[in-house]
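Asks: In order, the protein sequences belong to chains A and B.
Just so you know, we're using the working numbering here: the first sequence kicks off at 1 and counts up by one.
Just so you know, we're using the working numbering here: the second sequence kicks off at 411 and counts up by one.
No lab work stands behind these hints, which were simulated from the structure alone.
All C-beta atoms, glycine included, are put in the ideal place defined by N, C-alpha and C.
Any given hint could be a false lead.
Which stretches of chain B does chain A cover? Using the computed rule of at least three CB atoms under 8 Å from a CB of chain A, they are [unchecked claim]: (1) 669-680; (2) 760-767.
Partial list, computed: chain A residues near chain B (C-beta under 7 Å) [what the hints assert, rightly or not]: (3) Asp232; (4) Cys270; (5) Val274.
One-letter residues, chain by chain:
There are 2 protein chains.
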Amino acid sequence: MKILMVGTGGVGEAAAVIAKQRDPNGDWLKLMVLSDFNLERAQAVSERLADARFPAEKVNARNKDEVKALIEKYQADLLFNACDPSFNETLFDVAYECGVRYSDMALSLSIPHPTDPYHKTNVKMGDYQFAKHEDWEKRGLLALVGIGMDPGAVNVFARFAQKHYFDEIHTIDILDCNGGDHGYPFATNFNPEINLREVSANGSYWENGHWVETKPMEIKSRYNFPKIGEKDMYLLHHEEIESLARNISGVRRIRFFMTFGQSYLTHMQCLENVGMLSTSPVSFNGQEIVPIQFLKELLPDPASLGPRTVGKTNIGCIFTGIKDGKEKTIYIYNVCDHQECYKEVGSQAISYTTGVPAMIGAMMVVTGQWKTPGVFNVEEFDPDPYMEALNQWGLPWVVCEAPETVTVWR
Amino acid sequence: MKILMVGTGGVGEAAAVIAKQRDPNGDWLKLMVLSDFNLERAQAVSERLADARFPAEKVNARNKDEVKALIEKYQADLLFNACDPSFNETLFDVAYECGVRYSDMALSLSIPHPTDPYHKTNVKMGDYQFAKHEDWEKRGLLALVGIGMDPGAVNVFARFAQKHYFDEIHTIDILDCNGGDHGYPFATNFNPEINLREVSANGSYWENGHWVETKPMEIKSRYNFPKIGEKDMYLLHHEEIESLARNISGVRRIRFFMTFGQSYLTHMQCLENVGMLSTSPVSFNGQEIVPIQFLKELLPDPASLGPRTVGKTNIGCIFTGIKDGKEKTIYIYNVCDHQECYKEVGSQAISYTTGVPAMIGAMMVVTGQWKTPGVFNVEEFDPDPYMEALNQWGLPWVVCEAPETVTVWR
Numbered sequence: 001m002k003i004l005m006v007g008t009g010g011v012g013e014a015a016a017v018i019a020k021q022r023d024p025n026g027d028w029l030k031l032m033v034l035s036d037f038n039l040e041r042a043q044a045v046s047e048r049l050a051d052a053r054f055p056a057e058k059v060n061a062r063n064k065d066e067v068k069a070l071i072e073k074y075q076a077d078l079l080f081n082a083c084d085p086s087f088n089e090t091l092f093d094v095a096y097e098c099g100v101r102y103s104d105m106a107l108s109l110s111i112p113h114p115t116d117p118y119h120k121t122n123v124k125m126g127d128y129q130f131a132k133h134e135d136w137e138k139r140g141l142l143a144l145v146g147i148g149m150d151p152g153a154v155n156v157f158a159r160f161a162q163k164h165y166f167d168e169i170h171t172i173d174i175l176d177c178n179g180g181d182h183g184y185p186f187a188t189n190f191n192p193e194i195n196l197r198e199v200s201a202n203g204s205y206w207e208n209g210h211w212v213e214t215k216p217m218e219i220k221s222r223y224n225f226p227k228i229g230e231k232d233m234y235l236l237h238h239e240e241i242e243s244l245a246r247n248i249s250g251v252r253r254i255r256f257f258m259t260f261g262q263s264y265l266t267h268m269q270c271l272e273n274v275g276m277l278s279t280s281p282v283s284f285n286g287q288e289i290v291p292i293q294f295l296k297e298l299l300p301d302p303a304s305l306g307p308r309t310v311g312k313t314n315i316g317c318i319f320t321g322i323k324d325g326k327e328k329t330i331y332i333y334n335v336c337d338h339q340e341c342y343k344e345v346g347s348q349a350i351s352y353t354t355g356v357p358a359m360i361g362a363m364m365v366v367t368g369q370w371k372t373p374g375v376f377n378v379e380e381f382d383p384d385p386y387m388e389a390l391n392q393w394g395l396p397w398v399v400c401e402a403p404e405t406v407t408v409w410r
Numbered sequence: 411m412k413i414l415m416v417g418t419g420g421v422g423e424a425a426a427v428i429a430k431q432r433d434p435n436g437d438w439l440k441l442m443v444l445s446d447f448n449l450e451r452a453q454a455v456s457e458r459l460a461d462a463r464f465p466a467e468k469v470n471a472r473n474k475d476e477v478k479a480l481i482e483k484y485q486a487d488l489l490f491n492a493c494d495p496s497f498n499e500t501l502f503d504v505a506y507e508c509g510v511r512y513s514d515m516a517l518s519l520s521i522p523h524p525t526d527p528y529h530k531t532n533v534k535m536g537d538y539q540f541a542k543h544e545d546w547e548k549r550g551l552l553a554l555v556g557i558g559m560d561p562g563a564v565n566v567f568a569r570f571a572q573k574h575y576f577d578e579i580h581t582i583d584i585l586d587c588n589g590g591d592h593g594y595p596f597a598t599n600f601n602p603e604i605n606l607r608e609v610s611a612n613g614s615y616w617e618n619g620h621w622v623e624t625k626p627m628e629i630k631s632r633y634n635f636p637k638i639g640e641k642d643m644y645l646l647h648h649e650e651i652e653s654l655a656r657n658i659s660g661v662r663r664i665r666f667f668m669t670f671g672q673s674y675l676t677h678m679q680c681l682e683n684v685g686m687l688s689t690s691p692v693s694f695n696g697q698e699i700v701p702i703q704f705l706k707e708l709l710p711d712p713a714s715l716g717p718r719t720v721g722k723t724n725i726g727c728i729f730t731g732i733k734d735g736k737e738k739t740i741y742i743y744n745v746c747d748h749q750e751c752y753k754e755v756g757s758q759a760i761s762y763t764t765g766v767p768a769m770i771g772a773m774m775v776v777t778g779q780w781k782t783p784g785v786f787n788v789e790e791f792d793p794d795p796y797m798e799a800l801n802q803w804g805l806p807w808v809v810c811e812a813p814e815t816v817t818v819w820r
C-alpha cells in the first residue's frame, strides 16, 4: 500500500515516525512519500527516518497538476492530507480525479467564517465534501474526513461508547485540555490568528436538533482533569459536533470545551485592547503593517515550544445516557505527555495527538478494515480495530465510569 | 516685562492662556513670544489668544543662535523653557550667555539614565545647573529650575509648611494622583517610552541623609484621596526629592508616590511580555521596526485625550513633624478637574497643573517678588506670594490637619 502525504509539518512528521515504528517490515506500508512546499523540510524528515520507504518531494498543494504528477509517479493508493485545512477542498478533488482514496484532519476554527471570521463560527464547514458522497460511492472510493484527535479520535470514542456502553446516548461533552507549560509568559501553539478566532468567535453547541449560539467565551466551567488537575475551560464551536449530531442517533446535546489559562486570556485581551490583534493594515514609516502579523514576528516560533513544553494533554468525551434502563455516565479519554511525545517524534503533544490518530485512520483504510466507499466521518465505521490500534500506537485510552460531570456558569 | 517662551505644546499653551487671563491689561506682561519648532502649532495658539502681546515664531531649540536671535529681536527679560527637559542644558546656557533670566519645569524620568534608562533612575539630574550657581550669582541673574507642579508647586508647599506649620519637618510624602478616566482600555498621557520608564525603572527615596533604591514598583500603597477616593499608588524616584533633601533642613525622609490603575499595569506587563515595549529594532518585511514606536502608532494620540478625559487630579504633600513640642501632620494639596481645565485652556489637567504653576513662578521672577541672583529651586524663596497666586490663578490649595498617613507594603 502506497501513501502520498501532502504537508510534512509537525503533524505529518509525527504520523510518519509512528508509521515507520509500527510497521518496520513494510507489512502494510510499502511507501509513504513526504511532500511539502518546503523541500528542505521534507528532506530533513526523510533523513531522520532513514528508510527508503519515505522519499521527499517538493509540491505546491494548491497546484492540482503538481499533486497529480506525484500520485502518478508513485502510483499512490491514498492521498494523506496533512496540510492546513484551507487546502482540503483542492486535495479532496485531486484525489477523486485521480481515483485514489483520501483523508484529512481538519482543525476547527482553522477555516474562518467567509464573511465574519473573527466573530461568527463556521458551522457546517464539511458540507463541500459531504455533498460529493454519492460521486465517491459510485466510483468505489473512500474519503475519510477529520481524522485527527478532535475531530477524529473523539468521534470514534463516541461510536465506541454507543456500541459497548449505552443503549441510548443523551449528552456528549468533548473536553480538550492542554495542561502544557512552555515557560513563556505568552506564546501560541500555532498561528496567532487562529488563536484569536478561538477566543473572539461566538461559541455554539447542539441541543434538541438545533444549534445554540453563545457569545465569545460566554460559557465557562472548571474541571478536575485526570493526571492534570483543575483547569478553567470555555465552550467553543468545534466541527466534530456537526458530524456527531448526524451520526449518533438519539443524542440530545453535544458541547465542546477547551481549556485556557487566565494569563493567556489576559494577554489576548490586552493585545486586542491596544489593537495588536487587528488584521487591518496600519501605515507606519510609510509601510502598511498588519498588527497581528507583526505580533506573530515578536512571539516565540511555535516550533520552538516542543523541546521546552512540559506537562500533559487530556482529550476525551463524557457521555451520559441509558443502559439496560439505567442512567449512566462514562468518560473516555487519552492522556499524552508533551516531553515523551517530543522524545518520540520530535514535536510536542499538540502535533502528536493529531498526527498519530490520523495515521491510524489511514491504516484502517489502507489495510481495508474500513472500506465502505463514499465520504465518511470516522464514527461511521466499526470503532473496535481503531480503539485497539490507539492502545498499541501510543495513545492509550481510559474508560472511567461515573466521572465528575461538567457544570457550567455564565 | 518681556518673556520668550520656547516650546508651545499643551503645557506652554496652558501657561500662555493663564498669563493673558490674569493680566489682561499688561500690568506686568508686556510681551510673551510663542516659539516652537512647529510654527503652525505656535501660530494656532497665538491666533486662539488673539492678543498682540503673543506673537508666534519658529525656533529650533537645540540651535543656540536661533534662540539668541529671538531674545535679541524681542529684547526678552526671561527665557521661559516649556520644552522637553532634554533641552534644559542648552537653553539654560543660552539664557546665561544672553544675560537674561531663565526658568524650566523638568519632569522626572523624562531624562533617561545615560547608561541604563529602563532600569536605573537618574538621581541628581539637576547637577549641571546647580554647578553654575556662582556664575549666575556673579552676573546678577536668576535661574529658577523645576517650576511645574511636581517638581514645582509641591516644593513651595514644603517651604510653606515649614514657614507656617512646623518647627521641624521630619517626613514628606509627595502624592501624585491622576484620577482621570479617558474611557480607553489603555492609553498613555504622553510618550509611552516615558510611561515605560516610570514602571520599569527602580524607585528610590531619601532617608537619614542617603538614597534608598527599591526594585521597580516594589513599594505599593493605597490612599483615599480627597475628592477622588481610594487609589493604588507606587513609590517612584522623582527629582524634587533631591532638592527638598537639600533645602528643607532637618527632614528625615522624603518619598514620592504616583497612582497607577491595575488595568494600566496589566496592559504594560502584557505588552512587555510579548516584546511590544522593546526599544530594539525588529526586522519585519525587510524593514527595521522598533516595537514601542509601532505601539505608539496604535495607541490614541495623547492630544486626543483632553476632550474625553473626565475626573480629577490630586497632587500634594503630607508632612509630619514637630510644632511647639507637639507632633503634627498636615496635608497640603490641590485638586484639579480635567474637564474644567479643558474648557479653560484646551488641554487636560496634566498640562494645566504643569503650565499654570510654571507661569506663576515666572511671574514671581518678572514682578521681582523673587529676585535673588543664582540658580535656585522654588522652595528657596518666600512661598507666601506664590501660594496666594495659586489660589487666584486656578490652582487653589487646601491644608488638611491630621490627615490619613501613608502605609506601605511590599
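Asks: Confirm or reject each hint.
Replies: Hint by hint, here is what the structure shows:
no., hint, verdict
1, 669-680, "holds (count 3)"
2, 760-767, "violated (count 0)"
3, Asp232, "18 Å, violated"
4, Cys270, "4 Å, holds"
5, Val274, "5 Å, holds"
Violation of the numbered hints given earlier is confined to hints 2, 3; the remaining hints are satisfied by the structure.
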